[in-house]
Every structure is written in structure tokens, then in C-alpha cells.
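*Asks:* Hey, can you work out the whole structure from these sequences and the hints?
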Amino acid sequence: MNHQIKRPITIVISALGGQGGGVLTNWLINLAEQCDYFAQSTSIPGVAQRTGATIYYLEMFPKAQAENPDKPPVMALMPLPGDVDLVVAAELMEAGRAVQRQYVTPDKTTLVASTHRVFAVSEKMALGNGTSDGAAVLAMARAAAKEFIAFDMESLAADLGCVISSILFGAIAGAGVLPFSREDFRAAIRAEGKMVEANIRGFDEGCHAAEKSRSDKEQKTSDDRPVGEIQGKANTPEGEALIRRIKALPEPAQEFARAGARKLLDYQDMAYAADYVTVLEGFAASDDDKASCDLSRELARYLALWMAFDDTIRVADIKTRSDRTRKYRAEVGAKDGQIVHMVEFMHPRLQEILSTMPVGMAKRVARSRLLTWVFNKFTGPRLSDTTKIIPFLMLYFVASLKTMRRRTLRYAQEHEEITRWLDRIRAVGTQNYDLAVEIVRCQRLIKGYGDTHARGLGNFHAIMAFVETGGDRVTADKIRRLRLAALVDEDGDALKSEMAA
Amino acid sequence: MAERSFVKEVKKLRLGAGETFYGEGILAVTKGLLQSGVAYVGGYQGSPISHLMDVLADGEQILAELGVHFEANGSEASAAAMLSASINYPLRGAVTWKSTVGTNVASDALANLASAGVMGGAVIVIGEDYGDGASIMQERTHAFAMKSQMWLVNPRPNLPKMVDMLEKSFQLSEASNTPLFFQLRIRACHLHGQFEAKDNLRPSFTLEQALRHPNRQPDKIILPPYTFIHEKQKLEQRWPAAIKFIIDNALNEVFDGPEKDIGIIVEGGLYNVVIRGLQMLGLAGSMGETRVPVYVMNVTYPLVDSELVDFARTKKAVLMVEEGQPNFTEQALNKIFNDAALTCRISGKDVLPAFGEYSGQVTKDGIKAFLEKYRPDLITTDATAGALASLKPTAEALTAAMAAAVPPRPPGLCTGCPERPFFAAMKMLKKDYGEIHISADIGCNSFGTLPPFQIGNTIMGYGLGAASSSAFSSVPGQRAIAIMGDGGFWHNGLTTGIVSAVYNNSDNVFIIIDNGYTAATGGQYIPSSVRSLKQDKQPARIQEAVQGVGVKWVRTMRSYNIAAVKAMVHDAMTSEYFGPKVIVIEGECMLNRERREKPLRMQNIKSGKRQTVARFYVESESCTGDHACIRLSGCPSLTIRPNPDLLREDPVAYVDNSCVGCGVCGENAHAAVLCPSFSRAELVFNPGSWDRVKQYIRTAVIGFLQRRADRKRARVSL
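The listed protein sequences correspond, in order, to chains A and B. Its first residue numbered 1, the first sequence is counted upward by one per residue in our numbering. Its first residue numbered 1, the second sequence is counted upward by one per residue in our numbering.
Fair warning: there could be bad hints in the mix.
To be verified - No farther apart than 30 angstroms at their CA atoms in a straight line, the calculated lysine-lysine pairs in the DSBU-like style are these:
#: 1; chain 1: A; residue 1: Lys71; chain 2: B; residue 2: Lys8
#: 2; chain 1: B; residue 1: Lys430; chain 2: A; residue 2: Lys377
#: 3; chain 1: A; residue 1: Lys327; chain 2: B; residue 2: Lys609
#: 4; chain 1: B; residue 1: Lys430; chain 2: B; residue 2: Lys8
To be verified - Output of the computed footprint for chain A on chain B, the stretches with three or more beta carbons under 8 angstroms from beta carbons of chain A:
#: 5; stretch: 188 to 201
#: 6; stretch: 246 to 256
#: 7; stretch: 283 to 293
#: 8; stretch: 382 to 388
#: 9; stretch: 623 to 630
#: 10; stretch: 675 to 684
If you are wondering where the hints come from, they were derived from the structure by calculation, not from laboratory data. Note that CB positions come from ideal geometry on N, CA and C, so glycine has one too.
*Replies:* Here's what the structure looks like:
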């Protein structure tokens, strides 16, 4: 005969340092013990506490079902894949990891997860976009779980001013998998006695959100990109004319073209935006027989980004605007009227100063030892508090140089590069459309300031030189691979080996 | 005060007979020590027994009331040597450390202690750092027990059994005059459960009595001829005495079952996982009632031959569940059964993995494979296999897809860590120099070897960073760098590394990172901490210590000044001076600092005092998503978010609310000439009237100009 096994309730909690996994575990233990259950918990912290995830494992067993209410059953110290009733993950990828470890199975597991992301260092340090595919993880988690309750608990916690653990505790109650009443849950929070009021608030909202999530099966992921809705409208005849021209561009390119034109208007002026649209119009014909219109679309994106190159004028402009102050204050959590100093870390080098000058003047300064010495006085690391009048005025002045931007050395340098790039696209485009699109996309490599900018531009030049001299090896796919290789490491090792391959 | 405070929990140590203790394994062990009448306790912190040291420190008052001496030993070797108090006197003593690393450090003293033998019970509570969550090389303490003839107690992991076995361990130690290891695994240390408490016992013999009436026994000295006598005693007296005690007190347990032709022999610590495996196969009930007989070795060394032979005599096969390698016990079983002329077959590593943790799945599968060999009829169900089969598309496919999608989460330095700026400086230096040979060490500084810094070629042991560069100390024109933390420095690095470097006139560069605590193990005090455990002053300084042993080239520098740190290391690498060059990098552990300062800041804000709180901010508009800043930081609070610009694809850097404003972001932006996106926000709370006046004027002027620019921009739109 087989023993009829009364299973304990088994719970896995995965939380990152600072998310209160330990507190959540204590609440659950209090909850079970006050409801006449044997409860056992254990955890694997150690170095995992330092930015890693801590796994807590709990078992609960009703005293009423034990032969002797003083003798606890044999409880395990670690979860068995396929034997977990409830998995609680305080972050999306930790939910994914629980699925990976096979703790989540469709026969019994309720998965309660926050959909927000705490990015791992490998995702953060990538030279481009190294983030994991959250949507894929969500889909797989949903497929694996018996019931999947997921919402962004981090932002809910932030809104409520409580810790995420209380939202999770509420979501567990809302999931309805534990045989305890809401009031028992609240009593467990009170028994622990820490920040009771905030935690009860978080619990109630978490519980409510979980119930809503259960009835509303289509959840949104938290890492959805902001949608590209273009707002605003033209308020001048020139503007209206430009919008009409944008609307005449291939349809798939219009969204980026509109955003690009707006960006360049903000960056410089209407004429600059019109120059941009003129270039796009010149390429529109190449897309006549292409449904995707990749060339126009990608060019609309990358040409705008290049034309809005980050010069000192741009940086000063951004840092002196009123909406910047508003955004800044909101992000650092300043209260209305609170004094917040904004201390900027800047490190102007002689080349940045020179490139902000008109071409002729820059050359003169570069030639003169005296003038170089004078301007060198303005270089080097400096802190400037833009809430103070003098530093603000200095930046305000630099921002005002916008009117003479077209005459600066930097402008001349950038537009020389842009022209060469466009010529190449034009030349290639007539024979190899896909290759032209890939050449357009290589602009992505040019970004940043100082060494970062130099590295990106160097990689861009290396790929363009390859296009020039690579012969038969120059294919769209090869250029795509080179571009991705350039984003693998800072030292350029991957690009070098891809070049050689 | 350490990272985790047990001030509240230690009250449970006062519970008396008839009361129920609810709490964590570590606390239960401490209670067990007090119930055993220990006279002295000590140890050295390290996962998973760091909290035991914290509990002892926080419970010092209770210990003092009972007349128990607590020593925060300087190293595991110090702790093991302390146990010599039990050689000549009936004093019960207990120490604790992380094993096997701590046991390695302590082994000299342990071997001598084991040779001399003890009069009072001597127990070493070891946290066996093996398997999931372990942070050290994977080895067994079992081998130490065997080579020194010390006993190894490995209780079933539930609090009543753990506490009971701890009490019995002192008796076993005394009955056999042998020190012993009391082994706990990570999960057992952190186990929450309950047990019936007993009254605490004052030591029956006190340290004071010992000092008043010293007892010298020449034959306890580790010199020949006594060492030869000790070896004989171990085999002829202590071992048989231990076996007798184990049998008489039924320390090992048999849980019998109806399927008598097979059986399972299991180390105590693995009992629960074996029962869970049997449950999944429908062969055990929730209370542990099993169909397959199980022999539980709560003492895994020495083996009790007669019990094993009795258990196996009528069986055709047994399964030995023994974690780790080599499989000492399985090998011994073969000899024991052979001597007893048993026909019983022995399974073990043939059906279970040869190495690695015996998790639930692995153990269940091993039991199943054993049954397939000898009793396939017993396999009628497998609960978890059924659950996994219900996964779609398949469990394997899902696991593989998830493995590809889910990024690893390696440990790293905490938000605001003072070691981050140092490693950033080193990474910048590496950019200038190319690769440099760097000997790394154990502690938070070990994380410097991981992304994003990847600084360090070897880790040889706690405090051994300096010593591990010694082979490279006389290459003309080339210098190696050795790094160690302050914890490792005091643990042994001063003598093994610095003194040795002075003596050998090493030309290398030695960097000691002084964060004020053994931070990695939870922030325990060390001799150079700002405060100490027993007195409110800093007793020792690292710079003075290295000067005291003859180092002439010593510099001390605050870690957050990245450009200066970089320049100083460069200076040491290129200096004309021949001889050891020591740089002390100072910066208090941010976890500890914030724990002290944050409440003060909150208090100031609440009470109306002027208070500035700093944190960093990244300009999304000017951030281009290259993340060079992150590659020099890895700070948890410096993260990324989707680019708000529709046209840009790469996520932008972003500082979240956990930022403590340590300043590294700004220093990096300056030292590495990163980008102008970093800004330090200084939030002023309770400003004074002069603050308000200045603010009024500034807002008026700046606001006017900003509004003018806004109006100008608004004239055209798209």
C-alpha cells in the first residue's frame, strides 16, 4: 500500500537584497503559526545578499492533521522541482529563474511575481542594449504556472510609500492559495510590529491588485518601450508646410521623420529641420518598390540623431531649460519649494572649446601658444551648480551660441562626415539596397562624448573603410555583424576578429 | 554593531524549562551551548555561521551573567588554540567558524588539540559551506575529522535534534577525551523552527577555578614521547570510548520499515531530503514513517561498525547517501561488510552523483535508481516527475529557453561601497598599462574580480593576497600588485604578507583596503574598526602596524578620490624606491556607515535642523546609452531604463532612489572624462533664512531667463 501523503504547503520566495524577503518570510511564518500550523523556513543568503537573489523556502503543515500536535512532520529544507505550491518572485527575471529551476509547474504552482526589472550587471554594462527579453520570460512563466499573478509591484510600492514585500504579501493573499483569511494576514503584519501602517496599506493594495490581475488575464510588461506617439502641432505656416512634406514621405518613415524634424527644430531651428527633410526626400524614391521602406525609415532615425550631434551648445541648452529643472526635481524627489542644488560634473577639454568656435577662430587659437594657454584655463574637471547665478549664466551663454552653430568647427566636421556617409549610401543604394540600409544603421555606433565618442567614431570609420576595400566580403549581413561586434567590447577585440573572419 | 542585530532575539536565550523556543537555527545552537554549561565560547565569522558570532556578541550580557567568557578570536587558528583551555581542566568550550576554509586555518592547533586530547568537552560548530549558496572551494570537513581523529557530528536538521545533539556532543567529547566537529549546513543555520527549552547551566567548573588551581599534565604536551602515546590512546582508548557512548546513548537512529531486504544509510544532515524523496515515491508518510528502513548517522565519524552490520545483515542491498567526495563512508562500508562477511550490496555514488549537492531532485532520482536495481516493484509513483511532465512544451525546452533569457546575477559591491572607487581607479589604470598581474584576496574585495571590474588573477585564501604575489617580487623593472582587505590583513595578512615582504625585500605594491569591518561576513568589528566590540575606541591602525614591521613606503588615501588613488598607485608602480610599497585605501563600509548616519539625518530633518542630502542624477537627454559609466561602477543604484527618445535604441543610464550620494559617479565622470550627464542633487531640508534669501534671488533671475527661452522656443513648433 502507498502511504497517503498529506503534503505540506510549499513556498519558494526569491527576492533581491533590500526587497524585504526576510520580512516577508517572517510574516508568513507568523501567519502559519498563529493559525495552528507547523511552519519551517530556511534561506540561502551568504554572499548572495550582495546584489544577488536570496531564495527562501517555507513549508507549512496543519497541526490538526498531524498524529501528535506536538510532533512536527518531517519538513524539507529545499524545494523539489515539481513540488512547489506557491512561488513568489520580487522581480521579473527571478520569476524566470524559478521557472528555469522547474519550481513552477502547471499542476499546482501559483506564481506571484512583480514585473518590474532590476537589471543585472551584464545587462547594464553592455555598450548598446543588453537587456533581456522580458516579454519572452513573461510568456514562458504564464505557460508554466497554474495561475500567474503579475503586475508592477515596485511602482505600486513607490506610489504608496511602502516596501515591495508588503505588496507581495498582499498579492499572496489575493492569489487565494493559502488557507488563511485576510484578517489573519493583517494580524501577522501587526505581530511583526514593523512599520505596521504602511505595510497594511501595501498589503491591501497588493491584495486588490492581485485580484484584479486574476480577473484581467492580459497584463502589460513593465519594460514596454514608450510608444512613439508624436504630439503637438505646427503653429507657423513654415511648420505646416514641413509637416505636409513629411506626410509625403514613404509611410513607414513618417513617424521617425516627424520625431527627427521636431528634434532638429528643438536642437537648432526650422531651417535645419527643413534641411533634414530635404535629404530624406532625396532618398524616398529608392523605396518606391519596397514595402518596408527600411532605407527611408532608418535614415529618418539616424540622420536626425547625427545632425543633432552632442556639442557643448547642446549640453548647455539641455542643462539650462525650465522643463529640465522640473524633471530633475521630480526625479530626485524634491518637495515643492524645496531648495535643490544641481551640481553638474563637467570636464571640458580644449578640443570641445575649440570646436564651439567658428572655424577660422578655432584654427587661430590652435596655432597660437598664448591663446591655447588662455583657453586651457577653462578646461579640466569642474563642478558647477546651475542653480547659482554665475554658473547658470555661463551655461546660458554657451546655449545662446546656438545662433552661430552652423559656423562652428564642430558643425563643419560633423557635416563633412554626414555628407560622406550620405554619398556612400546613395552610391551603394542603387546596387545593393540591403547593404545601404546596414550602412545607415552604422550611425548607431557614433555616440557619447570624449573617449566614448572617439571609440565609436573610430569603429564607424573602420567599418566604412571595410565597405570601401572589402570587395566581395562586403554584404549587408557582414556589415550587420561588424556593427554588432563593435558593440561587444570596449577594446574592439570582437570587431577585430569579425573583421578578420 | 554588525549588519544584522540580534539584540531582540537574544532575549530568547533566557528561556527556561517548559518554555517553547521559536527562532532560527543559529540562535537555537547558542541556546544549546548555554544549556550545556559552556565556560567559554569564541570563533571567527564567515557564512553560514557569521550570525552565530553576531548572536554571541549581542548576547554578551547574558553570557556574562552565566559566567561564560566570549572571545571574538582573531582567526580560526586563535579560536582553535583557545580550546586548549579544555586540555587540562574540565572546562566546556565551543568555537565556531566557516568550514573547510576556517578548518584549514585552524588545522595546526586542531591537530595538536586532538593529539593531546581534552578533559572538558570541546566542540567546534562548523558551518559547512557546501552546495547551493556556497562561496568557497568545494571540499569536505570529513577528511579533517579522519586525519586528526576528531569526531564529526552531523545531526538531523530540525531544531530539537540539533539542540539535543549539541548537548550530547559535549558529553561525547568528554567521554572520549576528544574534541569534535558539530556540522551544520547553510540551510540548517538559517532554519526557523521550534523546540522545548531547558534551563541554562552555569559552568560546573569555571575559568577562575582553573587559574587559581593550575593543573599541569606533562603528558598533554605535544612532544615526544607523548605524541606517540597520544596516537596509541586515540586508537585504543578514545575511539572505543566514543563508540560505546554513541551506542549507549543511541546517537544514531534506525527508522525501521516493512521492506526489510533493503535499506538506506544516510548522514544526519541529509535525512530530511531522503524522506522527501521517499515521500515523492510514495514510500514514506508526512511524519517520516518509511517503508524502506533508514539508518541515520547523526555521528558521521567515527562509524559504528556493529550498528551498521546489524542494520545490513539481513539486507540484500543498502544505499549509502553521502554528500561530496571522496566517498569515505561508502568505502569504509565495503571494508566493514567484508569483515563481517555480509552479502549485502552497497550502492552509493553509482546511483547518486559523485559530487555536488544532494538536492531534492538528485536524491529522489538516486533512490529511484537504487530501487530499480534491487526492488523495481516498489516504484509505483513519482509525484514530481508527473508534475514536470505536465510542462509544455517540455521541461527541458522551457529550462533551456529560460536559461538563455534570464541573466545571471553575480554578487557585487553594495550601493555606495567605498571599494568601488578603488576598483574603478584600477580599471582605468589597467587601460593605461594593459594587463597587470594582481593577487586578489577574500572579502568584499573579491567582487573586484567579477564584472564590471575584472581585477585580479588569483585568490589564495583570506589574508593571503599579499603573500601570493611573492614569487613575482624580484623581477627587475616589473612589479606585481597584491590586494587585501583589512579583515584579511588582521586575520594573518600582516604576518604572512607584509612581514614576509619586508623580510624578503619584495619590490611589489601592496594595497590594503580598509573599510573598517569584516564587511563581507556582515560587518563585524576588527582591530582597526572605528569602534571595537569591547571598548569604544579604535585600538589599532593599519598604517602604524605596517610601519611597525619595517615598511618604509606607506601611503594612506581616501578611496573616493579616484584620480588621486590612480595617481598614487601609478606612483607606487613607477617609484625609484626598491622595497615593499604599501598603500592603505580608506573608506568606511557604506552599509555600516548608513546604518549609523541615516537615522541621524532623519532625526535632523524631523527636528528641524538644517540637513543636506545628496544623490546623483543622470540627464536622459544627454545620455547616449554607451554605459561607460556603468562599466566603471556596477553600482546597484546606477542602472538603466528605456530611452525616452523615440529615435534612440539604447537604454539610458539612470540613478534610482537607493543612491546614497557617495560621489563615485561624479569622480568617474571626471577621472575618465565620461560625459556631462552626471549631476549631484543636493536636497536641503530645513533651510535657514539666508538659504531662502539666496534661493529667492536665484530663482527670480534664473526663472526669468528660463521663461524667456521657453517663450522663444514656443514661437515655432512641429
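*Asks:* Take the hints in turn and mark each one as holding or not.
*Replies:* Verification of the hints:
The hinted pair formed by Lys71/A and Lys8/B meets the criterion: a straight-line CA distance of about 27 angstroms does not exceed 30 angstroms. A C-alpha spacing of about 29 angstroms is found between Lys430/B and Lys377/A, which places the hinted pair at or below 30 angstroms, so the restraint holds. Restraint check for Lys327/A and Lys609/B: satisfied, since their Cα atoms lie roughly 27 angstroms apart, inside the 30 angstroms limit. Using a Cα cut-off of 30 angstroms, the hinted pair Lys430/B and Lys8/B is violated, with the two alpha carbons roughly 47 angstroms apart.
Check result for the stretch 188 to 201 of chain B against chain A: holds, 6 residues qualifying (beta carbon to beta carbon below 8 angstroms, three or more required). Closer than 8 angstroms: that is the beta-carbon criterion, and the stretch 246 to 256 of chain B has 0 residues meeting it against chain A, so the requirement of 3 is violated. Given as covered by chain A, the stretch 283 to 293 of chain B passes the check, having 8 residues with a CB less than 8 angstroms from a CB of that chain where 3 are the minimum. Given as covered by chain A, the stretch 382 to 388 of chain B passes the check, having 6 residues with a CB less than 8 angstroms from a CB of that chain where 3 are the minimum.
Counting residues of the stretch 623 to 630 of chain B whose beta-carbon sits less than 8 angstroms from any beta-carbon of chain A gives 6, enough to reach three: the coverage restraint holds. Remark: the stretch 675 to 684 of chain B is confirmed as covered by chain A, as 9 of its residues place a Cβ nearer than 8 angstroms to a Cβ of that chain, reaching the required three.
Comparing the model with each numbered hint stated earlier shows that hints 4, 6 do not hold.
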